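Participant: If you want the building blocks of each chain, they are given just below.
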Amino acid sequence: MEHLLPRLSVDPRTGSHPSVRFDSRAALPGPLLQLSDGRQSFIDEVVSRTSSEFAHKDHRTLLAETLFLERARLRRTKGGLSSPFLWRRKLDDRSVIGSLSSALDHGGADPKELTRVLLNHYGNEICGNFSRKVYDFAVTTVPWGFSWLLNTASLQNFTPWGRAESLASRIRVVGEVPLLQKLAKEGTVLLVPTHQSNIDSILVGWVIHLCSLPPFAYGAGLNLFSNPVLSFLMSRLGAYTVDRQKNSDLYKGALKNYSTTILGRGVHSIFFPGGGRSRSGALESHIKLGLLGTALQAQIENFRLGKPKPALFIVPMVTSYHFVFEASSLIEDFLAQAGKHRFRPNDSAEGFPLKALFKFFWKVFSQRTEVWVRVGRPLDVFGNFVNDDGKSIGPNGTTIDPKAWVTSQGVLQADHQRDREYTRNLGDRLVERYHAENVVLSSHASAFTYIQCLRHQYPQMDLFKMLRLNPQQRAIPMGRFLEEAGRLQETLFRAATAGKLFLSDSLHIRDAKIWTEEGIRQLGMFHERSVLRFDDAAVTSDDISLAIYYRNRLAGYGFGVIHERDRKKAFYGETDAQGFLV
Amino acid sequence: MHKAFWSEATVAVIGGGSFGTVLANAIAANTAQVRMYVRDDEQARAINATRANPNYVKDLTLDPRVKALSDFDRLFEVRLDAIVFALPAKVTRSEARLVASRMHGTEVILHATKGIEEGTLKRMSVVLSEELPVARVGVISGPNLASEMARGDPAATVVASRFDEVIRAGRALLSGPRLRVYASQDTVGVEWAGTLKNIFAIAAGILDAKGLGWNTRAFLISRGLAEMVRFGVAMGAEVDTFLGPAGVGDLIATCSSPQSRNYRVGAGLAEGRPLAEVIEDLGQVAEGVRTTEIIFPFAESRGVEMPITETVFRILKGEWSVEAGISNLMTRPIVEDAMFT
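Residue numbers (the working numbering), protein chains in the order written: chain Y, 1 to 582; chain B, 1001 to 1341.
It is possible that some hints are incorrect.
[Said to hold, decoys possible] Each computed DSBU-like pair below joins lysine-lysine, with the alpha-carbon atoms no more than 35 Å apart: (1) Y:K90 with Y:K288; (2) Y:K500 with B:K1003; (3) Y:K307 with B:K1003; (4) Y:K288 with B:K1122; (5) Y:K403 with B:K1058; (6) B:K1090 with Y:K500; (7) Y:K403 with B:K1122; (8) Y:K403 with B:K1317; (9) B:K1317 with Y:K391; (10) B:K1003 with Y:K57; (11) Y:K403 with B:K1210; (12) Y:K391 with B:K1058; (13) Y:K500 with Y:K359.
[Stated by the list, open to error] Ranges between beta-carbon positions, derived for each pair: (14) Y:P228 with B:S1301: 56 to 64 Å; (15) Y:F493 with B:L1329: 39 to 47 Å; (16) Y:D505 with B:E1319: 50 to 58 Å; (17) Y:A55 with B:G1152: 46 to 54 Å.
[Claimed, not checked] Away from chain B, derived, C-beta distances all over 12 Å, residues of chain Y: (18) I199; (19) T399; (20) H456.
Everything labelled a hint here was simulated from the structure, so no lab data went into it.
Owing to the predicted nature of the structure, the values given are computational and were not obtained by experimental measurement.
Built from N, CA and C at the ideal position, the CB exists for glycine as well.
Isolated chain B (complex conformation) (with noise of 0.2 Å):
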């Protein structure tokens, strides 16, 4: 039933990026029409004009079921089943407020943001149900790079909500032949691992742009998940979550690859260059910088204890150096190697 209502309805992927461009893509597959919302009136008109969006996503040649629309009003001409946002958190709020009174009420919403709202600290499914006339929504995260999604490399993803009608939808909506998708009820888990991992991937970067191995990596990604675990369970997420592909899969994958926007900023870094200069060079948002920014000193001002994260704060921050950052995480108290403490 679920198969027939969705292969007959019609999607909007608001947010024309890297992601919210393979999402629609891989959501076409599965309904009638995808319906995706881009900033600018160019980038819409050569999207549809050369089914491509080069700037975002190289060699995806779009599925023809997808249209992109840079104006709210005839994205919403038609009734929309269900809307993806694809945003940065930063600008996710504002956006929604703008879609609310266009909407019915019925839509399923999801959205693949993994970053937090600055200063109230809440999550991506929060704001956009303060925001949007729906209670029922969901997240959609877990270790897929844009460009591996692109090009159909096998991959696993997850999509959570307290609704199973939401979940349905989204394994309706993206699942495919190269695509599984993971169902979880903790909406809480799966947003703050998919938000937190981005701070380890600039530790990660840092890291390799210095040369050092596997061991460190390893030692980084173990201790960088037992931050995490502490971190979101104490905001009420669950810890089974995090050793799942949306926590420590999407941790491994970011950071190993140097396509994550993350890494290289960290690798920037680590190179002796500003962080202006870096996030300038990146020209796309890399949410791990503004994340760090915002958990540490929450954090710390509740006694989480996060070193990893501390470290990466003060080397964006550039109280400390990269080499006296290292030095710092090698010198501090050995506790037990408890997974959680």
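For reference, chain Y alone in the conformation it holds in the complex (with noise of 0.2 Å):
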């Protein structure tokens, strides 16, 4: 059931899980080697597609507005600008938005010339500066950086087995790994992981080598290039950026174009199809239809041009972490929007410190928590399964032919409004896939536990009341919470059985005692204050709020429903009234 990556090998004495080697050579960089060379012949791609799609408008206006917008947002964005990259970015915008105002103010340019030379500006911001050079040397450099770190963080717990004890055992790449693999040659791969950290891109990044997979082009947000040292690479090993704070039309259909541009042209790409990290905790209930809806477009291209390799296939891909280093602002974030609060961060403004960075992989080479990335089942571009050949194959096995899905009145041909049904049937598939290809673990049962027995004890309390409880008030006696914590296990159980989520090893063990201490140790690993802590009596809380976004990791599934003595078993999902994701 379980595939293992073909190139690791398993470590016998565990031999349930794989142990990394870093003996392979590194896959060839595939078409994105393009980049590099002919990168201005990607941009005038995206400029003409962009202009052809707004060539019906009038270009005064259409200049003039996203000029505006510009404007505005510049003036927003005034410092906490944390890196030379995005500083260079900001004098660069400031400098075409100024002169195109005043050429479109006052001299007698033609608008159309200059919409082309905003797109050309958008188009060079976005595309990446791949680099064999700096690519061929990370592949080398990284592994090796990982091994050392490996045995070196490994030499803090003496114990016989510590150095024999591998990474892939703290990074557990499980799912569809050999189908991705298989794929990736016989079609264009369009990765989507769940977005919680920035550890993320790393972590993905890593994951797509160690599966052997030639480099992907990657859509990322700002907040990744804030820090020097990431932007240089990131940009040089195919990161394409994603600028959320631009909110016009024609930035947007750049973007888009971008992505449709390097899809049709056979690049793998990732991105996150969530928008940002999930704020609550939780997995996305919410995809963002319009960079999704490349995948189509693209689609739509390669039939009509009869390319020779057409297919494109959705991977859906879910990380797991026991803990995220940037959890605290996350649920503030989260809180303050759940609470109607004017005050929301500015995503890109966040910084990205290396040493929050060394310090998470310190933690996993040290072997003290382990990271699970699930490899879902692949989709074709609406959202079906494919098979082991990457054909399409409907709900109840009926075999699909994607072409026939885009052909309206006998003609193949992109429409609007069904291409974009499609995307939305696409993004609630995700979500779907999402919830069940997610690995449940011991720390987010934990934590689900924590607040369900909070719940129950004051169930007319609402979210930001409960973060307000005193510390006797927030103590559970340990006998009530090891209930809750097997009933839970039961759910889980149950769910699991059903297909519709995964559990971590530690869950399978059926001592609600034993996976909720290792689930506790695992929550207090990185946080000052502990999420959850206990003594022989009780489990207690000293940051309720983290508590509840780790216990968001299970929301969605409808666990979190509580059945009211006094009233009738309510609709999945309806007992939200008290804040709380069920």
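With the hints as a guide, bring both chains together as one complex.
Facilitator: Rendered as structure tokens:
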């Protein structure tokens, strides 16, 4: 059932999980190389596509609107730019916007031509600087660096087997890896991971390398570029920038066309379809359809042009962490939004300290925690499963001809309304698959159990009142906690059997005391205040908002619905009046 | 462009019951050919020979472009541009399974079934998209009593789909001098409205057979509508849909016409005849009986208040007499006359 990496040898001692060896060759860079050789041709294509998309508009109005939005945005982002990369971007923006504004206001310049200038600027900004040299350097150095870290870090626990235990027993890559490898040869892969942490970008990149896949183009939010070292590496390893602050139609058009162009040229891509990192800690329940829709557009074009390997595959990927280093700021943001506060922190302004990154991997390598990465079952651009040969399969086993799905009245072509519906279906399907591919960890289940106990204890309390409980009120007697934990585990077993989620190894232990202890220990690893702590008598929390954050990883399944005695059973997801995700 | 395309098209109608026949005839006026699938070979021959389907629709002479067939292989001999399912809810999945492998995937799918799948509570458009190699599915629903449509009385119907393409196809295929086709994006609402109204049609039959008047009927229709909306919204429907032809329109027609099958079931029950016998006499499928049996336990377990549905359910089950049901309804605690509470 569980596919392990073919290139990974199975550790004979642990048996069940793979261990990584770094003796393999790097995969070839593939079509992404075009980016380093013919960067300008990419940009030109993006510009001409976007221009023709907006051809029917009045360019003077279009440009005036765009420049107005851009000036407003530049005024908003005062200071807080933490890297030279972001500063340079801002300066470039300002000079282009400024000169275009005055050209539009005074000169007799053709607004159409000015629009092209702006689009060219956008194209340059979005497009990465893939570099073969940096790529080759990274694929040889990074694994070496990781090996070094692994060995050094594991010296910490001087057990006889300490050194022997491997990195891959800490970073567990499970799921449809062989199929992903196969499909990457037979078509173009769009990998769509869940997004919890800035670590995701690095982890996903590394998993791609582990799976011997060529480098992927990477749609990354600006926050990832706030660190100078990372921003240098990222852009040269195929990352392109997604600036969520730029909200004009022209920018969005250019961004989408960039994605369509690279997918159409067979460049495997990654982006996080949920938008930013999950603020609540929950799995994505809402998918941004704009960029996602570019897969269908590229698919239609491939069919129309009769490309030899036209298929696009959408591969969901779910990462599960015991701890997320930016959890505190994320949940604060969520609570501010849920509480309708005006204050909303700016995503791009937030730094990405290398120290945190190092600390994270140190914990991973020193074997004090584990990370699960699950490669989900691949889908076609409509959200249908594909079989081992990459053919689309309907829900009840019918074979689907994707060409027929984009043929209307005998003509194979794009149709705006139809394609939007298909993409919406794909988005719904991704949400469903994320939940089904999620590997539930003992820490999530422990946090869920604790919050559920609090909710039973204080049934009238909403989310915000719960945050203000005093230390005595927060303590849950151990007996009650374990009872609730056992109940949750039964529910999880049923859900896992029904294919609704996966359980990590420790959750298979039928002793709530063991797995909750492990879960609580894991939760305490990174945060200054204990998310949960326990003694013989009780379980309590020093930071309930963080407990809610980790608990939310189990939201969306309906496990949080509390059946109160005086009312009838509620609909799935209905008893959310108190602000809990259920 | 759409009219031009569809006037040259070939359309299959699967199901030769009363509504299937009427639909096939209406579509034939707008297309090159309609291939109507009926299960029985004898019936197919009779339809083709006499240009009529008297067992289901009296006094309708079929358009010469309608051809009846009783074999799926022959039905799919030519490439079909659209397929209309007009089958009882109970057999829609199994029949869809039979045609799935014969389809190309470009076909537009419509269905005219006012019922849901037992056990799963899946709507017919969901059942069809699970079984067929297509996603472009829509529903036809509204106050469309087959015999009146056969007679050519002016009427309205609704075609709903998430895909504009399917709506346009439905409009091109069905529109005629005597039929106005309204469009809706709310497939969920249109399908649930068409399903739920059958429950109240049974209740209407009961009231009429008891000789109760217009006040009572209006009471039934208005509070029945509230139950439909409450349940429908809980299932993801939009309220507006229930105020259109597919909602209140269909409800009024079925609760008023003695021709409606569900109405006849209710009337039979009120006369004190056992359910099995009533259904036997009807000779056709009355979706309302099955719908009530499916909906009420589900609504009860989920805390959706549906007192009229409960009454119909208990009368169907023989647990309550008609009188007990009515007096139970009249003695319930009175709530505010908010529409959906």
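Participant: CA of K1003 of chain B to CA of K57 of chain Y, is that 35 Å or under?
Facilitator: holds (30 Å)
Participant: Taking the beta carbons of D505 of chain Y and E1319 of chain B, is their distance inside 50 to 58 Å?
Facilitator: 51 Å Cβ-Cβ, so the 50 to 58 Å window holds.
Participant: Is 46 to 54 Å respected by the C-beta to C-beta distance linking A55 of chain Y and G1152 of chain B?
Facilitator: Holds, at about 49 Å.
Participant: Given a hinted range of 56 to 64 Å, is it respected by the beta-carbon distance of P228 of chain Y and S1301 of chain B?
Facilitator: Once the Cβ atoms are compared, 59 Å apart, the range 56 to 64 Å for S1301 of chain B and P228 of chain Y holds.
Participant: Would the least Cβ to Cβ distance between I199 of chain Y and chain B come out above 12 Å?
Facilitator: Label holds. Min Cβ-Cβ 36 Å, cutoff 12 Å.
Participant: Given the hint that K1317 of chain B pairs with K391 of chain Y, does the C-alpha gap stay at or below 35 Å?
Facilitator: Not satisfied, since the Cα-Cα distance of roughly 48 Å exceeds 35 Å.
Participant: Starting from K1090 of chain B, check that the Cα of K500 of chain Y is at most 35 Å away, please.
Facilitator: holds (28 Å)
Participant: Within 35 Å, alpha carbon to alpha carbon, are K288 of chain Y and K1122 of chain B?
Facilitator: Within the cut-off at roughly 27 Å; holds.
Participant: Hey, K403 of chain Y versus K1122 of chain B, does the alpha-carbon distance stay inside 35 Å?
Facilitator: holds (28 Å)
Participant: Hint check: K403 of chain Y vs K1210 of chain B, CA-CA at most 35 Å. Holds or violated?
Facilitator: violated (58 Å)
Participant: Measure nothing beyond the straight line between the CA atoms of K403 of chain Y and K1058 of chain B; if it is 35 Å or shorter, mark the hint as holding.
Facilitator: Violated. K403 of chain Y to K1058 of chain B sits at ~43 Å, over the 35 Å cutoff.
Participant: Quick check on a hinted range of 39 to 47 Å for F493 of chain Y and L1329 of chain B, using CB atoms only.
Facilitator: Holds: the Cβ-Cβ distance is about 44 Å, inside 39 to 47 Å.
The structure fails hints 2, 5, 8, 9, 11, 12 and 19 (numbered hints given earlier, in ascending order).
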